[in-house]
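Protein chains in written order, with my numbering: chain R, 8 to 323; chain H, -11 to 296.
It is possible that some hints are incorrect.
[Unchecked claim] Covered stretches of chain R, as calculated for chain H (at least 3 residues, CB under 8 Å):
| hint | segment |
| --- | --- |
| 1 | 124 to 137 |
| 2 | 172 to 180 |
| 3 | 241 to 252 |
| 4 | 301 to 307 |
[To be verified] Pulled a few chain H residues facing chain R out of the computed Cβ check, cut under 10 Å:
| hint | residue |
| --- | --- |
| 5 | Leu45 |
| 6 | Leu92 |
| 7 | Leu112 |
| 8 | Lys179 |
| 9 | His265 |
Hints in this document: simulated from the structure, not taken from any laboratory. Owing to the predicted nature of the structure, the values given are computational and were not obtained by experimental measurement. By construction, the Cβ of each residue, glycine as well, lies at the ideal position given by its N, Cα and C atoms.
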Amino acid sequence: MAESQTASPAVLVSGAITASPGFLLRRRIIGEVMRALLFLAGSVSVLTTIGILYVLISESAVFFAHVPLKEFLTDTMWTPLFADPHFGILPLVTATLLVSGVALMVAIPLGTVLALYLSEFAPPRLREMAKPVLELLAGVPTVVYGYFALLFVTPLLQKIIPGLSGFNMLSAGLVMGVMIIPYVVSLSEDAMRAVPDSLREGAFALGFSRLRTALRVVLPAALSGITAAYILSMSRAVGETMVVAIAAGQNPNFTFDLREGAATMTAYIVQVSLGDVPHGSLAYQTIFAVGMALFVITLVFNMLGFALRRRFREVY
Amino acid sequence: MNGASRPASEGTIARVVHRARRSDLLFAGLGVVVLVIALAILFALIGDLFIRGAERLSWDFFMNFPSRRPERAGILSAWVGTVYVMIATAAVAIPIGVAAGVYLEEYAGKNWLSDVIEINITNLAGVPSIIYGLLALGLFVYGFGMGETIKVAGLVLGLLILPIIIVSTREGLRSVPQQQREAAVALGADKWQVTWGYVLPAARPTILTGIIVGLSRAIGETAPIITIGALTFIAFLPDPPITGHFPFISFAWLDSPFTVLPIQMFNWVSRPQAAFHVNAAAAGIVLLGLTLAMNGLAIWIRARLRRR
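Same shape as in the complex, but just chain R (with noise of 0.2 Å):
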């Protein structure tokens, strides 16, 4: 393009403003570099994964070397830091499937309820209301919510219920779920919003009822959308640290009872990062180990569910 410019000048028009080769060049140069630095920046993103998978792989492969895969997933003993160390994970992942147990039957009912509720039945001001209160809901710092596990929850539970012991996996869930019901339900709402009208008023014609309409019409055609929520939620329990590291306590504790506190796989790793652990020992690796099963679950958790929304997405 400057090329031309500047060999025919003639051609121009007389008294049109014609742009400097200088200028033409510059402007192509810096086109080329921001776009050379944007391409940058977005790949960023995908350095990070690999750094993660990098730091993940490298450390718990020195830990493999040392423990054996078979002893890592089938001890029921989680003692890397003792005199003499058990290395089984049993205990830290039943303590983190049970505390997010008790999260999601909390947060999947009442996340349902709320989501039908206000896509279904809300009046639009009331829906714009509550949104953002869901909104602070999910603002709150999680290290907020332990201490209101741990300080008022439990204090709270130990009244009902006896033999609750300060540390306790039924508090922790609790709140967690709490926490997590504005993840349910935005992410529940988005999918039933997508359910088109016509299935509605087909349904309305019918003589159905509003609740009719929600339960049997709009619930399962959202449903793969649902259900991916549900999924994602789920990661999202899994991956939470805070609250179960306050009120679920720091001790590895292969145990069923949530009146019992227990060690969950992200409290552990806390708990090994506030001690001194010297670099490059057994007891680093172990949470890199540990680390390294926890972005297998919630990876998995993830790509079922955003494969699910995808699903549903595709329907309409």
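Model the placement of chain H on the given structure of chain R, informed by the hints.
Quick look at chain H alone, frame taken from chain R:
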């Protein structure tokens, strides 16, 4: 079909309609009850913090270092550390996040590379924050030898909130009408000039909302900061960024050890003495105030946007 059955069916219809109305109303009531429960829990949480911690909120609390004596302990190093870490986080997350959003929305072609980046960002948004902490510990602290510093905290929190900023940037860019770009091109602007001069300013409010939401999330993040080994007891402040002598700006604070508000609160909650729990509540009020104010600001900007 014939007139004879009509009266009977009208009665049935009335009954059915009545029942349907009642069940609708019952469910709507249930919905409201759940909403009220959520609200009540939020209020209980805030109320409990205030009842316990409000008495500790004083000038001294903000101006004292942590101490072994609960009644003298304060959050000076924690809130100053939070401010520094947030500056570092913003410096990482805002340019990279906005640029990545612009690349994906305005520049990226439809090819496998953009797909990979896209899927990656969605996946990263679901990675637990403590995994980011492990990344920072393995790569930044030990791999690159950057130590347990404000720099590393800014990097890890910046990466953590990157997906939030990218997504909101893209949303903002998508809402700019195509004609605006075409008008700019018609005036002779090239792609970068269109993006920088027209599209980005038009998308600014949405991008700003995303930045605020991201930073308020970063303020409350605890797990990745614990993993990189933030100290819980710090009785000094990082070097000031502005100095009295040439060149007046110093970046020494980036290499300083630090603590932040959530860590300080976690530390106090974890202690057995009840007196420290009061401090934890007071720190919680400050932390909650910060995040709620930022979230409120973001919600307000969004509401204003929608009205226009």
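Verification of the hints:
1. Judged by the Cβ-Cβ criterion of 8 Å, the segment 124 to 137 of chain R is covered by chain H as claimed, because 5 of its residues qualify and three suffice.
2. Coverage of the segment 172 to 180 of chain R by chain H is violated. Counting CB-CB distances below 8 Å, 0 residues qualify, and the rule asks for three or more.
3. Against chain H, the segment 241 to 252 of chain R contributes 8 residues with a C-beta closer than 8 Å to a partner C-beta. That satisfies the three-residue criterion, and the hint holds.
4. With 4 residues carrying a beta carbon less than 8 Å from a beta carbon of chain H, the segment 301 to 307 of chain R meets the three-residue requirement, and the given coverage holds.
5. The beta carbon of H:Leu45 is not positioned within 10 Å of any beta carbon in chain R (closest approach about 15 Å), and the interface hint is therefore violated.
6. With a cut of 10 Å, the hint placing H:Leu92 at the interface with chain R holds, because the nearest CB-to-CB distance is about 6 Å.
7. Hint on H:Leu112 holds. Least Cβ distance to chain R is approximately 6 Å, under the 10 Å limit.
8. Residue-level restraint check for H:Lys179 holds (minimum Cβ-Cβ distance to chain R is 6 Å; threshold 10 Å).
9. The interface hint given for H:His265 is met, as the beta carbon of that residue sits about 6 Å from the closest beta carbon of chain R, less than 10 Å.
Of the numbered hints given earlier, the model fails hints 2 and 5; all others are met.
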